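Asker: The lines below spell out each chain.
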Amino acid sequence: MWGLVVVVLLAALVGFDLLKAPGQKLEFAVAGEFELTPIVELPTIGPFDMSINKAVVYLWLTAAILIAVAVIIRLNLKKEPGRFQVVIETLYGLAHDGIVGAVMKSGRATWFPYIAGVFFFVLTANLIGLVPLPLAEHGQFGFYTATANLYVTLTLALCTFAFTHYAGIRKNGGLHYFRNWAPPSAPPVLKQLIWVIHAVSEVFRLVSLAVRLFANMLAGHAILAVFFAMALIFQSYLAAAMLQGASVLIYLFEIFVAFIQAFIFAILSAVYIGGALDQEH
Amino acid sequence: MDANAAKLLGAGIAMGVGALGPGIGLGMLLGKAFESIARQPEVSGDIRTSMFIGIGVTEAVALYAFVVALILIFVA
Numbered sequence: 001m002w003g004l005v006v007v008v009l010l011a012a013l014v015g016f017d018l019l020k021a022p023g024q025k026l027e028f029a030v031a032g033e034f035e036l037t038p039i040v041e042l043p044t045i046g047p048f049d050m051s052i053n054k055a056v057v058y059l060w061l062t063a064a065i066l067i068a069v070a071v072i073i074r075l076n077l078k079k080e081p082g083r084f085q086v087v088i089e090t091l092y093g094l095a096h097d098g099i100v101g102a103v104m105k106s107g108r109a110t111w112f113p114y115i116a117g118v119f120f121f122v123l124t125a126n127l128i129g130l131v132p133l134p135l136a137e138h139g140q141f142g143f144y145t146a147t148a149n150l151y152v153t154l155t156l157a158l159c160t161f162a163f164t165h166y167a168g169i170r171k172n173g174g175l176h177y178f179r180n181w182a183p184p185s186a187p188p189v190l191k192q193l194i195w196v197i198h199a200v201s202e203v204f205r206l207v208s209l210a211v212r213l214f215a216n217m218l219a220g221h222a223i224l225a226v227f228f229a230m231a232l233i234f235q236s237y238l239a240a241a242m243l244q245g246a247s248v249l250i251y252l253f254e255i256f257v258a259f260i261q262a263f264i265f266a267i268l269s270a271v272y273i274g275g276a277l278d279q280e281h
Numbered sequence: 282m283d284a285n286a287a288k289l290l291g292a293g294i295a296m297g298v299g300a301l302g303p304g305i306g307l308g309m310l311l312g313k314a315f316e317s318i319a320r321q322p323e324v325s326g327d328i329r330t331s332m333f334i335g336i337g338v339t340e341a342v343a344l345y346a347f348v349v350a351l352i353l354i355f356v357a
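Protein chains in written order, with this note's numbering: chain A, 1 to 281; chain B, 282 to 357.
Extracted from the complex, chain A is given alone in its bound form (with noise of 0.2 Å):
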C-alpha cells in the first residue's frame, strides 16, 4: 500500500520535474573522473614524483582500516563470536582453506600470510572505492578506487612475481629451479623451445595479473560513473530517473565483482607461488 503511493509520488515528481524547461547544460567526461591530480606537491626524488594525490590517499586509508579491524578483531576476540567477528572469520576461513588450501601443496604456513595479506588489502581497497568520500575535485564527494589504477595493481603483482621466484629458489636451489621452467625428460631441442615458452608465460601472468584488476576496476567505476551521469548526458529527466535505477544494480554488480577480483588476484597468487614451490614436470 505504502509503496504504491511512494511509487505515484515519484512518478508525479518526474512529472512535473519533465515539465520544467531544461536546466543548463553541463559538460561530463568520464575520463576526467580518473586523473589523478596533486593535493599536496612534493619535490620529486630520482624518478620518482612523491606527490600525494588521490590514489595515496585511498591507499593510507586502506593501509588504516586493516590496521584498525586488526587491533580491533584481536581486543575484542570472544568464544561465542558477535556479527563482526563472524564475517572476519569467514573471510579469514576462505583466506585459510578455500584459497590457500585449496591450491597450495607444501610451503602452506610460509606463504599464508602473504596471500591473505593481498586478499585483504586487495578486497579492502575495492570496497573503499563504493564508498562516496570527499576527494573528489573541490572537496565533493565521489567514488575513486585505488585498485582501478595501473601503478598500484603493477606493484601488487610485482610483489607477487618476486615472491614466486624467491619462493622456487629457496626450496629450489637456483639452477635447479630455473632448469626445471622445461621438464627434463623432453628432446633437447623441444626442450630450449619449452623454456623459453615458459619464460615469456612468466612475464605474460605479471602483466595479465596486473591489467585484470585494474581494467576490471575501472571499467566498473567508468560505468558507474555514466550511469550517475546520464542525466548531464541525455539532459532529460525521465531517462535520468529510469538509468538512476539501473546504476543501483549495477552498484551491487560492482560489489560482487570488488569481492571476485580480491579472491581471484589472491588464488591466482597462491597458484603461481605453489607451482614455483612444487615444479611439476
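By construction, these hints were calculated from the structure, which means they are not laboratory data. This structure is a prediction, so every number in the text was calculated from the model and none was measured. No residue lacks a Cβ here, since even glycine has one placed at the ideal position from N, Cα and C. It is possible that part of the hints are untrue.
What the hints assert, rightly or not - If we take Cβ atoms under 10 Å as the criterion, some of the chain B residues that face chain A in the derived model are:
(1) Lys288
(2) Tyr345
(3) Ile354
We have chain A; now place chain B onto it with these hints.
Answerer: What follows is chain B alone, placed relative to chain A:
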C-alpha cells in the same frame, strides 16, 4: 574520415571483437563447470576453485582488448 573518428571506430571494434572469444570461452567454461557440479556435487568445492582460476585467465583476454581500446582513445 578524420583521425579522431578512426581512433574511436578502432576502439569500438577492438572492444567488440575482443569480447567475442572470451565470451564464448567463459560460456563453455561455466557451462562445463556447472555440469560437473550437478553430476558430482561432492567435489563442488574443488571445481569451484578451478573454475575461478579459469575465469580469471579467460577474462584477461577481454581485458587486453579493453586496455587496447583505452590506449586507442586516450593515448594514441
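Asker: Confirm or reject each hint.
Answerer: Now the hints, each set against the structure:
1. Taking 10 Å as the C-beta contact cut-off toward chain A, the hint placing Lys288/B at the interface is violated, the least distance being around 14 Å.
2. Because the smallest distance between the Cβ of Tyr345/B and any Cβ of chain A comes to about 7 Å, under 10 Å, the interface hint for this residue holds.
3. Contact between Ile354/B and chain A, as hinted, is supported at the beta carbon level, the nearest pair being about 8 Å apart and thus within 10 Å.
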